[in-house]
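Visitor: Residue-level listing of the chains:
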Amino acid sequence: MTDVTREAPQQRNGHVETSHHPRKDDRRQDKGYYDIPPIKEHTWTWEVPVYFWLGGIGSGAHVVTTIARMCGNKDLAFLRAGRYITLVAMMLSPVLLIMDLGRPERFYNMLRIVKWRSPMSMGTWGLTLFANLSGLAAASQAARDGLLGRENFLARSFAALPDRLLSILAAPFGVFVGAYTGVLIALTSTPIWARNAVLMGPLFLTSAMSTGLSAISFVLNLGGWGERKTLESLQKAERASLLLEMGLIAASLLRMGRWGKPLRSGKLGAAFFGGTVAGGVLAPLALLQGRESRGRGILASLLVLAGGYILRRAILEAGKHSARDPEATFTFAWQENLPLRDENV
Amino acid sequence: MATGFLTDTTVCIGCKACEVACKQWNQLPADGYELTGDSYDNTKTLSGTTWRHVAFIENPKKKRLTGDVDLVALAEDVREQLPGGAELDALGRWAFMSDVCKHCVEAPCQQACPTGSIIRNEFDNVFIQPDICNGCGYCIPACPYGVITRVPEDGRAFKCTLCYDRQKDGLEPACAKACPTESIMFGEVEELERRAEQRVQELHDRGYTSAFVYGTPEVGGTGGIGGNHSKFILMDEPETYNLPRHPFLPQEKLNQASAASIAAAAVLGAVVAWAFRG
Ligand code: SF4
Ligand code: SF4
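Residue numbers (this note's numbering), protein chains in the order written: chain A, 1 to 345; chain B, 1 to 278.
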């Protein structure tokens, strides 16, 4: 036999092509195992994005009212709105979280240990402390507002609580509840989240702040409550936090790079850019320009609240897409430290 | 004493005895009868009900055979200089690999678990205590190898226990016991490391220079998580076996993430104070 070139029929440029393995994308590396994802996607259901959103609203509303009071704001309607919004959010949050467990009746096992390195453990404790402290402040508010009746022991003792101190004590835990959800998903092996580990907490916290502000201004505008000055301050704060949010979204997308594809493409990308970037940040920013107006304020608040939910939902969905893509995992878990030399590859 | 596995993929014959032994001993339910159409592997992946998974890797090679090749000689002695510079690898290879929980030294799943259900037991194995787990599901995306899933009918997360119950009675894990080719070895981690080195050396001497140990902190794969107590001898790139090349410890970024969040909180606090000042 003279020189022959043998080439297995299924080999073309290192790509395998058989009936079972149609050649796909030239940029794809010829690696992996039948496209089966090497990592698992998260299994959290609808309760989790709703909690991320509600927890953020509660956190933002509480922190804003506390800081405003410290700065000398004396608007009672505003304080009430902030406290009651936080109360409702913090009453629903644990319910949602427990519903999502595989074994809801065992939720209390979360409280048997404190683990600094586990954002979910720290989150449980932060949420417990924040919900209780802010809940007491809200109860004291309710007692003073006469919602618990006038002349009974409960109303008297709640009214006697140091509500200002409770609010201030709760504030750092409120900040924590707003931010930790971002850190929680960032500290996983899901490429799109892990890649953006540093900015995930700030992004969620900023969104918590803007949704909290919007929830308050929505309630105040709707009821026609609150002083003019408070509403103006709220609008100012909303504009600033939306600007920050826009910056953080842009920085996150840049940082995610090739691993951010699920958030940029397909239906998810459309929902994210339409619902959050355009609908939840840019449109309300435009609406909130100029003089404060009730109608525009209400619309802007609703848009921000919807955008905040879509942000969390889209990021959680994107995590699933990212985990399903073997190439995302392989290219992310990479270091040039393998003892395989080129010629063996 | 730390115990672990060494899975030598070079002698695995793909009989799936380990998969079956594991299911039987641990009383794990069947996963259905789906056919993948990809290979003889219809199990596909590790999960809460599959703690050993045999991968079937049909491995066509990218190199072309040139020249007049004596296939018999090629099969008999790989050290022989082949005409035309052909290489054995050009024949392609069918590789098998019995995958399992890696029992990471710094286990991401264990660090993530908020209930403290995931512990290191007295054999230094990563163990999910089934009476503690409440099915929060955080360990699932935390694991860099996709080992854990939540079992829907049960609600809890499960994975390889390294046969904790058998070890307590002085027995080796069911998969290692069942393996007919000693592809799965069980023992003390240090002893297994020695064996792995020896075997890789042997393979190199025979001309299989691509052999290496996956799961040691120094080489290949596991810089971030301090190595694995379940190691593998591999002949190809980790990705071929569906393993990440450099899995990382997600919790390593905790400090950075926290610092950034605190900084963001300060900025936002200042912004709100500015809006409400005076
Ligand atoms: S391989 Fe996954 S499940 Fe096993 S110890 Fe490591 S992180 Fe945990
Ligand atoms: S699912 Fe169970 S084992 Fe996994 S992190 Fe949650 S409590 Fe721990």
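I should point out that these hints are in silico values taken from the structure, not numbers from a laboratory. Treat the hints loosely; a few may be bogus.
[To be verified] List time: in silico SDA-like cross-link candidates among lysine to any residue, alpha-carbon distance up to 20 angstroms:
#	chain 1	residue 1	chain 2	residue 2
1	A	31	B	253
2	B	44	A	36
3	B	253	A	251
In this text the structure is predicted, and so the values were computed from the model without any measurement.
Visitor: Confirm or reject each hint.
Guide: Verification of the hints:
1. A:31 to B:253: 28 angstroms, violated
2. B:44 to A:36: Holds: residue 44 of chain B and residue 36 of chain A sit about 7 angstroms apart, inside 20 angstroms.
3. B:253 to A:251: 18 angstroms, holds
Hint check: a violation occurs at hint 1 only; the rest are consistent with the structure.
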